[in-house]
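**Q** Need the complex rebuilt from these two chains, each delivered in its own frame; the hints are there to steer you.
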Amino acid sequence: MPEDLRTRSYPVGIAGVALEQLERNVADDEAPPLPPNARLSVIGQSTARLNGPAKVTGRATFTVDVKLPGMLHARMLRSVYPHARILSIDTGAAERQPGVRAIHVIEHPLGRAQELPGPGEPGDAHRRVRYVGDPIAALAAVTPKAAQAALERIVVDYQPLPFVIDLEDARRSDAPRVFDRPVRTEFFLGPAPQLPQHGNVHGPDTSASRGDAAAGLRAAELIVTGEFRTQVQTHCCLEPHALVADWRPEGLTVYISTQFTAGIREELAEAFGLPLNRVRVVVDAVGGGFGSKSRIGNYVLAAVELSRKAGAPVRLALDRHEEQIDSGNRPSTVQRIRLGARRDGTLTAVAIEAYGTAGVALGASVGNFAQSIYECAAFALEQSDVFTHAGPGCAMRAPGNVPGAFAYEQVIDELAERVGLDPLTLRERIDASPLRREQRRIGAERFGWSRRQPPGSSPGTLKRGLGMAQSHWPALIQINSSCEVRILRDGSVEVRSSVQDIGTGITTVLAQVVAEELGLSPQDIAVHIGDTDFPAGPPSYGSRTTASITPPARNAAYRALRLLMEVVAPSLGTTAERLIARGGRIGTLDASRSITFREAAAQLRNDQISAVASRSDDYGGFGRRMGDAAVGRMGLGGVQFAEVTVDTETGRVHVERVVAVHDCGRPMNPRQIESQVHGGILQGISYALFEERILDRHTGHMLNPNLEQYKILGARETPAIEVHVLENYQGNSATDAYGIAEPSIIATAPALANALYNAIGVRLRALPMTPAAVLTALGRVPCGSVPP
Amino acid sequence: MLEKTPSDRPDAAQRPEADTVGPHAVPLTLRVNGMTHTLSITPETTLAQALREQLDLTGTKIACDRGACSACTVWLDGAPVCSCMVLALEVGAREVTTIEGLTDREALHPVQAAFIEHDAIQCGFCTPGLIMSCVALLKRTPHPSEHEIRAAISGHLCRCGTYPHVLSAVLAAARTEEA
Chain A
52 MPEDLRTRSY PVGIAGVALE QLERNVADDE APPLPPNARL SVIGQSTARL NGPAKVTGRA
112 TFTVDVKLPG MLHARMLRSV YPHARILSID TGAAERQPGV RAIHVIEHPL GRAQELPGPG
172 EPGDAHRRVR YVGDPIAALA AVTPKAAQAA LERIVVDYQP LPFVIDLEDA RRSDAPRVFD
232 RPVRTEFFLG PAPQLPQHGN VHGPDTSASR GDAAAGLRAA ELIVTGEFRT QVQTHCCLEP
292 HALVADWRPE GLTVYISTQF TAGIREELAE AFGLPLNRVR VVVDAVGGGF GSKSRIGNYV
352 LAAVELSRKA GAPVRLALDR HEEQIDSGNR PSTVQRIRLG ARRDGTLTAV AIEAYGTAGV
412 ALGASVGNFA QSIYECAAFA LEQSDVFTHA GPGCAMRAPG NVPGAFAYEQ VIDELAERVG
472 LDPLTLRERI DASPLRREQR RIGAERFGWS RRQPPGSSPG TLKRGLGMAQ SHWPALIQIN
532 SSCEVRILRD GSVEVRSSVQ DIGTGITTVL AQVVAEELGL SPQDIAVHIG DTDFPAGPPS
592 YGSRTTASIT PPARNAAYRA LRLLMEVVAP SLGTTAERLI ARGGRIGTLD ASRSITFREA
652 AAQLRNDQIS AVASRSDDYG GFGRRMGDAA VGRMGLGGVQ FAEVTVDTET GRVHVERVVA
712 VHDCGRPMNP RQIESQVHGG ILQGISYALF EERILDRHTG HMLNPNLEQY KILGARETPA
772 IEVHVLENYQ GNSATDAYGI AEPSIIATAP ALANALYNAI GVRLRALPMT PAAVLTALGR
832 VPCGSVPP
Chain B
49 MLEKTPSDRP DAAQRPEADT VGPHAVPLTL RVNGMTHTLS ITPETTLAQA LREQLDLTGT
109 KIACDRGACS ACTVWLDGAP VCSCMVLALE VGAREVTTIE GLTDREALHP VQAAFIEHDA
169 IQCGFCTPGL IMSCVALLKR TPHPSEHEIR AAISGHLCRC GTYPHVLSAV LAAARTEEA
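The listed protein sequences derive, respectively, from chains A and B. Residue numbers for the first sequence follow my numbering, beginning at 52 and rising by one. Residue numbers for the second sequence follow my numbering, beginning at 49 and rising by one.
Simulated from the structure, these hints should not be mistaken for lab results. Where is the CB? At the ideal position from N, CA and C, for every residue including glycine. Hints are supplied without guarantee of correctness; some may be wrong.
Unchecked claim - So the derived label-pair ranges between C-beta atoms look like this: (1) B:T224 / A:A771: 53 to 63 Å; (2) B:T224 / A:D584: 40 to 50 Å; (3) A:Q504 / B:T224: 53 to 63 Å; (4) A:G362 / B:T68: 32 to 42 Å; (5) A:A243 / B:A73: 49 to 59 Å; (6) A:R492 / B:E196: 32 to 42 Å.
Isolated chain B, as found in the complex (with noise of 0.2 Å):
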């Protein structure tokens, strides 16, 4: 399954110092893609948009808003979450990882190499949010069967019908990672 991870909270030391902030901006310091941001948002701005809006990460795509599709799905300390159900302030000091940092700038990850491979991709709305669990897979599943990567994306939509090829493109990553 997909990890959700909002009850997953941030311990008491990381949380900003007063019980209450906002309604203004407060700021906030986060740690994206190795580098450490330190931004001003208001208090109900989700991590998705805190990505999106103020550090121009918008591989990270917003489609429901409210955890049903998973388009928004970025790593916290390596764990998949769906970044429009965290509050940017509830990061904390947890590391976060966008598509944009999953590899250096000029290589593919094995995973998005078959993703294009095996043309596990049609409008490409849905696709970084399903590389961001698929690779999340694999890390902790090296050698998934087919019913283990249906799992793990099952809370991810994708309107144009990958997923036959997402599957294939996996499971041959998976085979490349091995050889």
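Okay, chain A solo, but in the shape it has when bound (with noise of 0.2 Å):
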């Protein structure tokens, strides 16, 4: 063994199941083994939310509370048509206002697939826009009045082009292409080969194929098929995306409702040329994000922009219309699946075609969802992006695993019906995991499973039903997260990191993991975080937040305590490492001396010490790594459980209660958790029910760009929610913590597609299954008098 290594007993299983200790060889700076949480006296406690009092008062400053001396405001001039060629803009007029400071027409703009140079073909002289809502310029002014003025002089002279919103339309060799040549294929996680695209259709990607799906389905003894579709859903965040730019001569700071300021930092930086040191990102509060604020978009580099040529601070957020056509969404997805599977269940082959629409970008992907949750040998997935004339997808929470979980959860349920099995029994047998194993036990127990009947032998016109479905999402880590953890003189502790608080917690479970470590409450710890100025912190987006910037928060913690008890010792009496910190005191193991934390802060020669500690690789390796971002060896998981009532009169879904068990390693803050897996299942609601982009196929445009046309769930449509979480213990990190936010939404829909299905015995195999849709069904309208 290397000599930095040292060998430590780790727990691993799960709390109340079955715990063992397990060894590992791990660096001699990592703190050392933590106990379960039973053992422990900070973490795995409900804290408070340290920065619940700003926000229940008002004084939290989100982006849009930002305001500077001198401060200009901006607006951004769109595309009215969805595919048109710009022949000239003219700003002059608009130079021309009032209170005008500056203009910037964009020319390259981000947020859509790139092109590929081609060889030999010339390129267009005048940009093209591609999109309803498609930036064109942006102007600051004075007032946001003046802005909205004198954008509305720009005379813009277009040239409209053929066009092709609907998904089946452009998937059609003689349909208006969106990219005249084939653009650089993307992944979510990594580097992939290129694609080949024909016509709108880039794709297919079959790269997580494995084994002979062909020869699997030949083998089948029965072949269950489905076909599924998802619509399109936008992220609907209470904040709008908004930034302050403040360019002066020593660099560039900007102050952005986002949920990666370090990424941000890099993406200014390269944009403008800058170095990293002269490029500032800042956030307090951010009002949602759910993956659309991961990136610095179009109207960040106009904000910037503006901010240059005028000299000023430009202050730029868009409203409600632009964040529902321009701020990114969930695609769309078609999935044609077929199962083979033996008459005991045990499948032989999986073959699921998908394609989807995420508008002018790439990313209509079903996960990796049917790949990994259930045993097959034989996986066949083809699938591919359809462009079509509407505004880009994005990230949107646990992106692809949610319209992936929604058709394959309800292939796995009908599968359970045709070998006669009860679903869970049916997953018992197909499902290796033994935390799903233990979550399906204590589910269906504590939401009485056994209650359930026959599919639609519910009687009278109310029906009831019940259903479940599971869920899976890869354990991210972003490798690149630094902390900082400060002990100064007077016996204060500071934490900081450009890691940003999204609304999920992580600025409490810093301090709590600090106070652990120190022997404090989470109250004395200073949680500084939000501003590139500190340690890069990992981005809060991919259930990564708590895996990645936990450990190092402890290592440093401890590091600087290390460095606390040497200064210390000698006055104990003793070495450092006889000495130990809890209950507000550093003192000797036997406890027979002690000093409080404060008088052993004031022996420091200096004002403080200080400790920088990095995410170290799992202590059991990863299982894959893609540069800064690496994935565990062991996956995220849940299991929901859903009661709906069907009223077959009206068509209206009721969803009475949800019963949801999820792991996320070690639980940091059971209530924070609690909060985190609500909006999972609520938001699994709304998209299950309720919500839908719906785009005009004659204009390109909108036709619910708001929040009272666009639907989504409120108070009246929350069912009772009862969340249970297993303590898994992994041995992997010094703290074993992973996030919760993308698991908690992946099984919602399916859940309830499966409850509505054992309620009125026809499977709904579309989303949203609002009222007409289930009245569609059930053969109470005409097919195709009403939206399908």
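**A** See below:
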């Protein structure tokens, strides 16, 4: 063993089921193994949010609340055509408007698939807009009103071009092309080989396939098939995308509502040719992101350009209409699934053909759900993106796996029915996860699964149904995640990282981790985050924040504490190794001598001691690593049970109750975890029953670009929810903790669909499951008289 | 239901004297959180904009700007309204209460304390508006049923999904008041 490694014993397994000790060889400067939560005093407790008082009093500063002296207000000019060539733009009249300080014309827009340079093909001399809302220009003026008035004086000479909005129309070989040339293939998780492109169809991507699915299907004793459709969903963050850009000769400062300060800094530095030390990105409170505030977009570049030109800070906040048409969305999918199985329910083959549209972007994927969740040696997945003249999709809470699970978990239920097994019994046979086995057991008991009746047997017009579905999400880790812990001479403690708190509660969790290590209480810890002047933290997406930043936070606290103990050990007549910090004191292991933490800090020679730690590799190694990201060996999961009532006269589906059983490694703050699981379930219900972006196929305009016609769930549609979280230890990091945002949304829509089937005996294979769709499925209204 | 009172217009005596005002800025007196402010606003300015942009009371949030989400909820004479749907000029002599004026500087209202205790907060953007509606509910219905709480906040949109914890927080706050 190398000298800097040490053998240590970690708890592994599920608390309350089976916990064992596992020996790992771990770097010497890692904090020692943490016992299970039952033996900790701060971690695992439901510490109240440290930023709660600021948020309930309105004092929390969101980006839209930032006001700088001399700040200008910017607005963006957007295309009114779904596809057009811009022959000319005349900004002269706008420039002469009172109060206008700068105008920027967008020439190379981001946020869409990028065409590869073609050999010998002359580039189009004119920019093309490719969706309604495609940004063309931006201007900054002294008031928002002056900016809007001037914007209307910009004259754009459009040459409208043929366009295609409908997914099926876009697949036809004679459809108007969104892109003339092949676009660069991009994947959420790392580089990918260039995929073929025919017309508007980019793909198929078959890289997830394994084994011989054709042979598996031939060997099957029965085959279950199904075609599923999911809609486009928009993120609907309540705080719009917003920033204040402040360009000065000495550097650029950007206040921005973002899920990733450190990433925004890197992107800005690259876009404007600035060194990293001249770019600072700052955010306090973030009013929702759900994937859509992960990267810089055209609005960010425009505001920075305007600030540079005007020599003044520029505020740019999208309005609700802009949010709906151009801040990202969850792409649609069509999924055709063939499942080959034996009579005992075990799978011989899974074959999935999928396509969907992310508008002018890539990303209409069905994720890694079907390929990961159940055992099957023969798996074939062909998935394609179809370009349409519609606003770009982007990551949205559990991208791919949400539509993927909606389809796949229904097919699994259909298989269970075909082979005469209870849905839980079938999953016992084909799901190797020991976590989900325990989750099914707990969930079935709490939910009362034994009450479930045969499909369609519910009497009367108000029919009741029970259903369940499962979740799978990879355990993602941002390796480039660092955290500093400072102990100041007055005994106070600071945590510093650029990681941002978008409402998930990482502020509080960081205080808990550091307090546990230092023997203090979370209220003693000042958490300073959301600023790239601090060590670079992880993004708040991919459910990776907790897994990425809590181990470095604990290691930094551990190392800072060791330094403090070295200082105070002589005064306690011992050595640092024989000291322990607990209950606000530092003392000898036998508790015979101790001083308060404050007294200890007072012995510091200088004003502070500091330690910075970065995310080390998982002790058991990563499954995969791509750039700054890695995938843990064990995925995250969950099982959800839903009880619905369906009014067969009105078609209305009401969710009565959801029981959710999840895992996220070591649970750090149970109440905050419960909050996030509520959020996943409620967004899942909203997706399943209410939400749909509707584009007019004749104009390309969104018909419900607001929050009154684009329906999202409210308090009246909120069911009773019970959340149970397992404590699952793997001995993989200094905290062994993971996120839960994404695992908590994946199973909801299919659990509702399975419950709905159980209630009415007819399966709905398209989202959203509106009253119209239910009545159509029941044959209460003629097919085609209402939207599917 | 959330009371939306744009129809509850100030009587004639409180209206500006001329039938037509603007388009230029006009003077306006607003009573907000017990203080009287004299502002100069253009007539199309909403109460939400006046509070945020002129009085720096940024606890009132604008999310949809058309009365669909209730994030901008404040009280007019104690009744919750969407301040994005009220013109500042319409307010007249009515007293405006915002989240900043809910309690004295230091103390938390029991509903605010319960929101923290029950973690009825995630991103926090909709939170001030929700609190304004929940406190107004408890003022007129000190012991609401869960159903009444759902009805009182049915106009509020929370994309993070805090509703279950909002329900438990308000029920707990009502019990605390009782005790």
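**Q** Now tell me, hint by hint, if it's right for this structure.
**A** To see whether the hints hold, each was checked on the structure:
| no. | hint | in the structure |
| --- | --- | --- |
| 1 | B:T224 / A:A771: 53 to 63 Å | 23 Å, violated |
| 2 | B:T224 / A:D584: 40 to 50 Å | 41 Å, holds |
| 3 | A:Q504 / B:T224: 53 to 63 Å | 42 Å, violated |
| 4 | A:G362 / B:T68: 32 to 42 Å | 39 Å, holds |
| 5 | A:A243 / B:A73: 49 to 59 Å | 56 Å, holds |
| 6 | A:R492 / B:E196: 32 to 42 Å | 37 Å, holds |
Consistency note: the structure conflicts with the earlier hints numbered 1 and 3.
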